[in-house]
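S.K.: Each chain is listed here by its residues.
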Amino acid sequence: MQLTKELLPVSAILLVIIMMSGVDLFIIGDPSRLISVIPVVLVLVIWLVATLKVRRSERVR
Amino acid sequence: MYAEIVTLTVMAGCLLCIIHSWLYRGRWQTIAFFVGGFVFGIVRENIVSLLPMLYTYPDHPFYIGNAPLMMGFGWSASFYACWMISNRMLEAFAPKWKDNKWVVPFVSAIATATLSLPVEVAAGASQTMWWVWPPEAIMVLFEMPALVPFGWAGAAFLFIFFYRWTESRKATPRTNAALFVVLTLLVIVLHLVYVFVVRAIIVLLMT
Chain A
1 MQLTKELLPV
11 SAILLVIIMM
21 SGVDLFIIGD
31 PSRLISVIPV
41 VLVLVIWLVA
51 TLKVRRSERV
61 R
Chain B
1 MYAEIVTLTV
11 MAGCLLCIIH
21 SWLYRGRWQT
31 IAFFVGGFVF
41 GIVRENIVSL
51 LPMLYTYPDH
61 PFYIGNAPLM
71 MGFGWSASFY
81 ACWMISNRML
91 EAFAPKWKDN
101 KWVVPFVSAI
111 ATATLSLPVE
121 VAAGASQTMW
131 WVWPPEAIMV
141 LFEMPALVPF
151 GWAGAAFLFI
161 FFYRWTESRK
171 ATPRTNAALF
181 VVLTLLVIVL
191 HLVYVFVVRA
201 IIVLLMT
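These protein sequence lines map, in sequence, to chains A and B. The first sequence begins at 1 in the working numbering and counts up one residue at a time. The second sequence begins at 1 in the working numbering and counts up one residue at a time.
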């Protein structure tokens, strides 16, 4: 249940990233457009680090 | 062309956010956010269609007035998903600010701005043309105008700020939900004013 809580909104963002990357690659045919996903992927990496940090502190408690 | 792709992506993403909100935030909170988001998207895009200096939607499968149906889901899904991940980032790295009425919408706005980039870069290409900016728009990344990340960020900030303010009122969740749906009309006006101010600043700085 906790995992669902964490992952549902992130899945929505991942879905957008995957679909838009697919459009860049297979419909537009320009891989250089994938540069546009870097900032939002970085945000997700920060979110992942934040989630691990919160989980760790909950376990310590 | 291929507008079905962005329509289905946005609707599926919105469904995931609605399920999350219903399970963890409650019925009226969910109705407020996503009905408010639907009103925001459809009314705003119909107003935008009357403004020649902004974009148009030439080829979508379903419209309400001049607004593609997907816009009723896209804005709220973006705001909600970015708000949720921002909550977690604030909880981990700046717990002192995690409930601050200015900081929460601000961090969500930055996350929403980053989400705008892949969508807008895919949307403006000649192979897709999901929405089309006028030639005088100042492009900075492929066909994406400089205004775009600021526009998305401003919308997220205003929407989440007013939503959280409404939710904090001492009234029943149903009353708060009804108030927020009405308030989205104010959010639209504020956002369009903000967009024109940012657009004017960009024109001033980059021409």
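Fair warning: there could be bad hints in the mix.
Unchecked claim - Reference excerpt, derived from the structure (chain A facing chain B, CB under 10 Å, subset only):
#: 1; residue: L3
#: 2; residue: E6
#: 3; residue: L15
#: 4; residue: I35
#: 5; residue: V40
#: 6; residue: V60
Unchecked claim - Pair by pair, the computed Cβ-Cβ distance ranges are:
#: 7; chain 1: B; residue 1: V189; chain 2: A; residue 2: R61; range: 44 to 54 Å
#: 8; chain 1: B; residue 1: I201; chain 2: A; residue 2: R61; range: 20 to 30 Å
#: 9; chain 1: A; residue 1: T4; chain 2: B; residue 2: A94; range: 22 to 32 Å
#: 10; chain 1: B; residue 1: L23; chain 2: A; residue 2: E58; range: 15 to 25 Å
#: 11; chain 1: A; residue 1: L34; chain 2: B; residue 2: I201; range: 50 to 60 Å
As the list claims (entries may be wrong) - Once the Cα atoms are required to be at most 30 Å apart in a straight line, the calculated DSSO-like pairs of lysine-lysine come out as:
#: 12; chain 1: A; residue 1: K5; chain 2: B; residue 2: K101
#: 13; chain 1: B; residue 1: K170; chain 2: B; residue 2: K96
#: 14; chain 1: A; residue 1: K5; chain 2: B; residue 2: K98
#: 15; chain 1: B; residue 1: K170; chain 2: B; residue 2: K101
#: 16; chain 1: B; residue 1: K98; chain 2: B; residue 2: K170
#: 17; chain 1: B; residue 1: K170; chain 2: A; residue 2: K53
#: 18; chain 1: A; residue 1: K5; chain 2: B; residue 2: K96
#: 19; chain 1: A; residue 1: K53; chain 2: B; residue 2: K98
#: 20; chain 1: B; residue 1: K101; chain 2: A; residue 2: K53
#: 21; chain 1: B; residue 1: K96; chain 2: A; residue 2: K53
#: 22; chain 1: A; residue 1: K5; chain 2: A; residue 2: K53
Bear in mind the hints are in silico, worked out from the structure with no lab data behind them. No experiment lies behind these values; they were computed from the predicted model shown. The C-beta atom is built at its ideal place from N, Cα and C for all residues, glycine as well.
S.K.: Hint by hint, say whether it matches the structure.
M.R.: Quick rundown of the hints versus the structure:
1. A least Cβ separation of about 12 Å between A/L3 and chain B goes past the 10 Å threshold, and the interface hint is therefore violated.
2. For A/E6, the suggested interface contact is upheld, since its CB lies about 8 Å from the closest CB of chain B, less than 10 Å.
3. Restraint check, A/L15 versus chain B: the minimum CB separation of about 5 Å is within 10 Å; hint holds.
4. Taking 10 Å as the C-beta cut-off, the interface hint given for A/I35 holds, the closest approach to chain B being about 8 Å.
5. Evaluation of the A/V40 hint against chain B yields a held restraint, the C-beta minimum of about 4 Å falling below 10 Å.
6. Interface hint status for A/V60: violated, as the beta-carbon distance to the closest one in chain B is roughly 14 Å, over 10 Å.
7. Separated by about 46 Å at the C-beta atoms, B/V189 and A/R61 satisfy the suggested range of 44 to 54 Å.
8. Distance hint for B/I201 and A/R61: a CB-CB separation of about 47 Å, inconsistent with the stated range 20 to 30 Å.
9. Between A/T4 and B/A94 the beta carbon distance is about 25 Å. The supplied range of 22 to 32 Å therefore holds.
10. In this structure the supplied range 15 to 25 Å holds for B/L23 paired with A/E58, their Cβ-Cβ distance being about 20 Å.
11. Hint check: A/L34 to B/I201, Cβ distance near 29 Å, so the stated range 50 to 60 Å is violated.
12. Restraint check for A/K5 and B/K101: the C-alpha separation of about 23 Å stays at or below 30 Å, so the hint holds.
13. Simply put, B/K170 and B/K96 have alpha-carbon atoms about 24 Å apart, close enough for the 30 Å limit, and the pair holds.
14. Between A/K5 and B/K98, the direct Cα distance comes to roughly 18 Å. Compliance with the 30 Å bound is thereby established for this hinted pair.
15. This hinted pair checks out: B/K170 and B/K101 have alpha carbons roughly 16 Å apart, not beyond 30 Å.
16. The hinted pair formed by B/K98 and B/K170 meets the criterion: a straight-line CA distance of about 21 Å does not exceed 30 Å.
17. In summary, the hint linking B/K170 to A/K53 is not supported, as the alpha carbons are separated by about 34 Å, beyond the 30 Å threshold.
18. A distance of roughly 23 Å separates the Cα atoms of A/K5 and B/K96; the hinted pair therefore holds under the 30 Å criterion.
19. A distance of roughly 15 Å separates the Cα atoms of A/K53 and B/K98; the hinted pair therefore holds under the 30 Å criterion.
20. At roughly 24 Å between alpha-carbon atoms, B/K101 and A/K53 fall within 30 Å of each other, so this suggested pair holds.
21. With a C-alpha separation of about 16 Å, the suggested pair B/K96 and A/K53 falls inside the 30 Å cut-off, and the hint holds.
22. Between the alpha carbons of A/K5 and A/K53 the distance comes to roughly 16 Å, so the proposed pair stays at or under 30 Å and holds.
When held up to the earlier numbered hints, the structure conflicts with 1, 6, 8, 11, 17 and fits the remainder.
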